[in-house]
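Peer 1: Residues per chain are reported as follows:
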Amino acid sequence: MNFDAWQTVWICVALSVSVLVLDGVFAFRAGPDKTELARKSQRSSRMARMGKKGSAQ
Amino acid sequence: MLGQLASPPKFHAVASWLWVWLLLAGVLLLGFGLYTGLFLAPVDGQQGEVYRAIYVHVPAAWMSMFLYLVACGYAMLNWVYRSDVSAVMMRALLPTGAWMTALALITGALWGKPTWGAYWVWDARMTSELLLLFIYLGLIALGQLATDPAKADRVLAVGLLIGAVNIPLIYLSVVFWNTLHQGYSVSLGGSRIHPDIAMGMWLSVLGFWLICASTVLNRARRLLVQRRWR
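If you read the sequences in order, they're chains A and B. Taking our numbering as reference, the numbering of the first sequence is continuous, increasing by one, and the terminal residue is 57. Taking our numbering as reference, the numbering of the second sequence is continuous, increasing by one, and the terminal residue is 287.
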C-alpha cells in the first residue's frame, strides 16, 4: 500500500494522538484512586454497622 | 523538597494535582507544535511534505530513550532506598516507554516507505529501537512475575540496568555503523535543522514530554494506592 506525503503525515499524527490517549486511558486502570478507595471503605463500614444493628434487633 | 517527595502520602498529594496541569500544558503545547509544524513550517527541499512526520516521530523516539533512562534512575534509587515511590515510578514509566517505542517504530516505517522505498530495513538504528521495544515488554512481564512485590522490584531494577546498555547503542548506532537512517540533526553542539522547521519540533517534543509525564504520574499514584492502602 502506498500513501502520498500528506496521507503519511496525517496517519502518523492520528496514530500519535491515539497512542497518547490510549496510554492515558490505560493509566487509569493501573489501580484504584484514593478517594474511590475511601468511598468504598466508608460504604462497607456503613453496611457492616447496618448488619450489626439488624442482628441486634 | 525533592526528599519530601519520597514520602508516599506527600508524593500522592503532589501527583494528584500535578498530572492534570501537566496534561493541560502538554495538550496545548503539542497542539501548537503540530499547528506550527504542519501548517506554518516551510516545505523541505529534498523530502517535500513528508518530512513533517518529524513532528511526531522525533518526539516519540526521544521519549522512548528518555523514559528508559528515567526508569533506570528510579531503579538505582529503588536499589539503594527500597522506597515505594521509586518502585511505582519505575513501574509506571515502562508502559509509556513501550508505547513511545512502538510509535517511533511505526511512524518511522510509514516515513521510510516514501523516503527509502521500504517500510522496514534491518538498519542498526531501527533494529536497536526494535530491541528496546522487546526490552520494555520483557520488563513489564518481569515486574508481574514474582508474587512478592519487593522481590519483583529488585529483579525489575536489575533487568532495567542491564537493558540500559541498549540506549547508547541506539543513540550512537548512526555513528558506529553506516546506516540508512540519517545521522544527528540535533546534538549538544547545536541543531542543523532550519529554525522555522525546528520551532514546531521543539514545541511537539515539549508537548509529548509533558503528556508522558502526566500519564506516568497518574499511573504511579494509582499503583501507590494499590500497594500501600488497599
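Quick caveat, the hints were computed from the structure, so don't treat them as lab data. For each residue, glycine too, the CB sits at the ideal point set by N, CA and C. Certain hints may be false.
[Stated by the list, open to error] Now the stretches of chain A that chain B is said to cover, found in silico as 3 or more residues with beta-carbon under 8 Å: (1) 25-33; (2) 44-50.
[Stated by the list, open to error] Partner residues aside, some chain B positions facing chain A, computed with beta carbon under 8 Å: (3) 103; (4) 106; (5) 242; (6) 279; (7) 283.
[To be verified] Pairs of lysine-lysine, DSS-like flavour, derived with a Cα cap of 25 Å: (8) 40/A - 67/B; (9) 40/A - 52/A; (10) 67/B - 34/A.
Peer 1: Under 8 Å, Cβ to Cβ, is where residue 103/B needs to be relative to chain A, so tell me if that hint holds or is violated.
Peer 2: It is violated, given that the least Cβ distance between residue 103/B and chain A is near 12 Å, above 8 Å.
Peer 1: Are residue 67/B and residue 34/A close enough, with their CA atoms no more than 25 Å apart?
Peer 2: Distance ~13 Å between residue 67/B and residue 34/A Cα, so the pair holds.
Peer 1: Measuring from the C-beta of residue 242/B to each C-beta in chain A, is the shortest one below 8 Å?
Peer 2: 17 Å, violated
Peer 1: Under the criterion of a CB-CB separation shorter than 8 Å, is residue 106/B in contact with chain A as hinted?
Peer 2: 4 Å, holds
Peer 1: Compare the distance between the alpha carbons of residue 40/A and residue 67/B with 25 Å, and conclude whether the hinted pair is satisfied.
Peer 2: The given pair, whose Cα atoms are some 22 Å apart, holds under the 25 Å limit.
Peer 1: Less than 8 Å between beta-carbons is the criterion; does residue 283/B satisfy it with respect to chain A?
Peer 2: Status holds, d = 3 Å.
Peer 1: Tell me if residue 279/B is really an interface residue toward chain A, meaning its C-beta lies closer than 8 Å to one of theirs.
Peer 2: 4 Å, holds
Peer 1: Has the region 44-50 of chain A got at least three residues whose CB is nearer than 8 Å to a CB belonging to chain B?
Peer 2: This one is violated; 0 residues, fewer than the three required, reach chain B with a Cβ under 8 Å.
Peer 1: Between the alpha carbons of residue 40/A and residue 52/A, is the straight-line distance 25 Å or under?
Peer 2: With a Cα-Cα distance of about 18 Å, the restraint between residue 40/A and residue 52/A holds, given a limit of 25 Å.
Peer 1: Please check whether the region 25-33 of chain A has three or more residues whose CB lies within less than 8 Å of a CB on chain B.
Peer 2: holds (count 7)
In this structure, the hints that do not hold are numbers 2, 3 and 5, in rising order.
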